[in-house]
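Peer 1: Listed below are the residues making up each chain.
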Amino acid sequence: MSVSYRLSEIAAQLGGRVLGNADAIVTQIASLETAQPDQITFLTNSRYLGQLAVTRAGAVILAEQDADLTELPRIISDNPYAYFARVSALLNPLPEVKPGIHHSAIIGAGAIIDATASVAATVVIGEGAKIGAHSVIGEGCSIGANVVIGSRARLYPRVVVYHDCLIGDDLIAHSGVVIGADGFGIAMDRGRWLKIPQIGRVVIGNDVEIGANTTIDRGALDDTVIEDGVKMDNMVMIAHNVRIGAHTAIAGCAGVAGSSTVGRYCLIGGMAGITGHVKIADHVEIAGFTMISKSITEAGSYSGGYPFSKTDDWRRNALHLRRLDELVKRIKKLEKELDCIKSDK
Amino acid sequence: MSVSYRLSEIAAQLGGRVLGNADAIVTQIASLETAQPDQITFLTNSRYLGQLAVTRAGAVILAEQDADLTELPRIISDNPYAYFARVSALLNPLPEVKPGIHHSAIIGAGAIIDATASVAATVVIGEGAKIGAHSVIGEGCSIGANVVIGSRARLYPRVVVYHDCLIGDDLIAHSGVVIGADGFGIAMDRGRWLKIPQIGRVVIGNDVEIGANTTIDRGALDDTVIEDGVKMDNMVMIAHNVRIGAHTAIAGCAGVAGSSTVGRYCLIGGMAGITGHVKIADHVEIAGFTMISKSITEAGSYSGGYPFSKTDDWRRNALHLRRLDELVKRIKKLEKELDCIKSDK
Amino acid sequence: MSVSYRLSEIAAQLGGRVLGNADAIVTQIASLETAQPDQITFLTNSRYLGQLAVTRAGAVILAEQDADLTELPRIISDNPYAYFARVSALLNPLPEVKPGIHHSAIIGAGAIIDATASVAATVVIGEGAKIGAHSVIGEGCSIGANVVIGSRARLYPRVVVYHDCLIGDDLIAHSGVVIGADGFGIAMDRGRWLKIPQIGRVVIGNDVEIGANTTIDRGALDDTVIEDGVKMDNMVMIAHNVRIGAHTAIAGCAGVAGSSTVGRYCLIGGMAGITGHVKIADHVEIAGFTMISKSITEAGSYSGGYPFSKTDDWRRNALHLRRLDELVKRIKKLEKELDCIKSDK
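Protein chains in written order, with the working numbering: chain C, 933 to 1277; chain S, 933 to 1277; chain U, 933 to 1277.
Hints are supplied without guarantee of correctness; some may be wrong.
The list treats identical chains as interchangeable, and a pair is accepted whether it falls inside one copy or across any two copies.
To be verified - 27 Å max Cα-Cα, derived DSSO-like pairs, lysine-lysine: (1) Lys1062 x Lys1261; (2) Lys1211 x Lys1062; (3) Lys1268 x Lys1226; (4) Lys1226 x Lys1211; (5) Lys1265 x Lys1127; (6) Lys1062 x Lys1030; (7) Lys1274 x Lys1261; (8) Lys1062 x Lys1264; (9) Lys1265 x Lys1226; (10) Lys1274 x Lys1264; (11) Lys1211 x Lys1242; (12) Lys1242 x Lys1265.
FYI, nobody ran anything at the bench for these hints, they're computed from the structure.
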């Protein structure tokens, strides 16, 4: 498969203003460093100005204020990074969906699969499930009974969706994703854990992407909810009864414990963890490796990673952390004594 | 499927004392906030007293000391949370197991599958494996050669159990669980890593639950052991030759490194990590996000997460951590000097 | 399957010097503590000298300087731990590969599968993919279109490799591994995230092992690269456009964020995290639970875990971390005041 576009054709589809040769043809997008003469590149950070000067690219996407930094054919955009995303999607269309159900797929009674959907080999779809128009269910996926998946979903191989979960349009779920497994609900009773049945569902809005091997547990009583436009990286853990607000992005290996609510437009860094039963406001940014142990009521940026150093230095320094309280008391004592001395004079 | 019970019937099965209308009928369990008149709810925390006053529930489970806080039909239990778990199980029975082997399953020579067990589509069961009575092997599971799984196991879709592992009764394993993959054993030899064959097994007791995408590695020489009643959340990592004591509960994304032993009735928080070759006593509680870097010989609660703050504040504070040792020396110097001054007087 | 070797036969194959009865026969390798008279054990750490004295093993592997510590038949090696790995491989040969394609496997048009390779039940192999000699593709694996996998690969059940990825010889990939899923690339555009197509590949060298449920994302524009001899434990997360240098070993649940480069012969501890866009030098050792937030240019050992303590102590100490900057200012003030007092004298 090979596509090519003139700059003028790109701008006609995506907007932006062309400077220089509008008939320049590009077939792929690439970084400033690796782009070839038949490729278009982009400048989103002035750090890379040096690379712009020597790029072999045939065309460039850049911002208005950078319009004159190159004489290459170029498209001017008010958001070059988003424009890059759109051009890349134009030059790299998804493989065409071949509608139909592979003969090795097993379809439960009463399941309704849209005629335009594609169900790959060895898929198992439970009773009463619904798969929307133009959705693609990759090989080996398991879709539980009564699950509803909207239109244009793209489930890569080996995704599991447990029974009764409800998923909107345009879901992308990568391989190994597990949606709707039981939340971790146990009650101690005379020395043994009793299982608390997890009778809620997972409810996912439109336009959500979920990275490889991420797990989203079903609710204990009520539902776990992922709102529209949420984007999750790989190996994210969403516990039962969590709600993730619309357009929040969560980086790899982060986790949100049970019954917590994360606001809209939050950014959660890799390996960050949010404890259970807290509420995070909208527009909160949490740095990677940060433990959020209580609610955050105010938008802003929050951090909590321990700064690394050479192991010998770390050992020397870390020792004191276990005696910090004592240290503070010693400082207080010094202050008092010094006050005495000063007042003595 | 729909079930309904009178309070008197529930108490007859599960114990507890009914107050008010013992003929009240309930069909589902729900939280104080969302319960409907045909549903039963529960009070386990005085924080929710306000919700009790306004709940629309038809009945309530509560403790003896709270018996008079509502006039709704109610069941009094000495452990309302455990009682809630039992009532929920009563009202939400698991779907009936349909015994039999799906025609698309592939069963190895000499494998013994109990006639009451259920083996779903596209399952692969290795040579000589044994599946016990009433066990359910979900679609796409892979059970290795000579694996033994006891009675009433419930393996959700896409669980993998490597060869020779030994599993007791009543296992619940959620999708994506991998039991018995090779432990991480390598030996450096003249600039290259040699693989150390992992010839131990995973041995799992009775009544264990394992969350989605959790991995439990087989032993290098001896076995990795999960004792009775252990409960694990999603994406827990149990390395080779670890032993987890009976009735210990491990929250999501926690990990235990190679050859460590965790005691009985421990509680390990989410994203906590236990280093290799250490021993954790019984009844130890480890907070989430805590790194356990050495053995713990005494029961109790342990923590080690770094407290988060606004990023600007964090940056200012964290800087000093790399110079804490120097800071302590400055305090010592101050103390000495002050002592001098005092003794001078 | 049962194998047995005389010490003389082992030494003939693997080198080393036999002391004592070279005709002693061993059938398995075991630890000092559990070894039986027909088994060989090894001493790699003087900590275990006490166990050597009482071991029931029939033979021992040990270092030159320890040659006289036992009278058991023994093999002297300059690297007993590596020798143990080799002996274990000798005594525990992998099950023989039965070449052929299971009738339930689905093979795409134009895929080339070596006649000596083994493709298990329910495998799906995409169009144009190539599987090399003596490779084993476990049940339920999904190999994308145009993927190339070299010789002697061993993919355990349920591994997914997305389209176009390129893998060298001798790969071991454990169950649940996902290679080549989309990296986490999104661009904000007027309140919505746009997906950035991930058009790079994953390129993996020779002799790489990847633990269960580990994910390695494909590159955004260029490739994600895993060099020769890299060893990864379970649930490791390698983000897009990362490069991992040859012979680096990464323990469980560690992660490397986008576009970072890790050098050769690095050791990365469990749950450690490396932020995006940094460069780690060769021969760097990173302790478990350490957040690497900037580049490391010098070989050596680095740490950053927060030391745990009893929760009450931790609470008292951790409080001060949020006011460390203020504390340092108080110390500065004390120093100044003391200086004044001293100069006053």
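Peer 1: Against which earlier hints does the structure fall short, listed by number upward?
Peer 2: Hint check: 1, 2, 3, 5, 8 and 9 fail, others pass.
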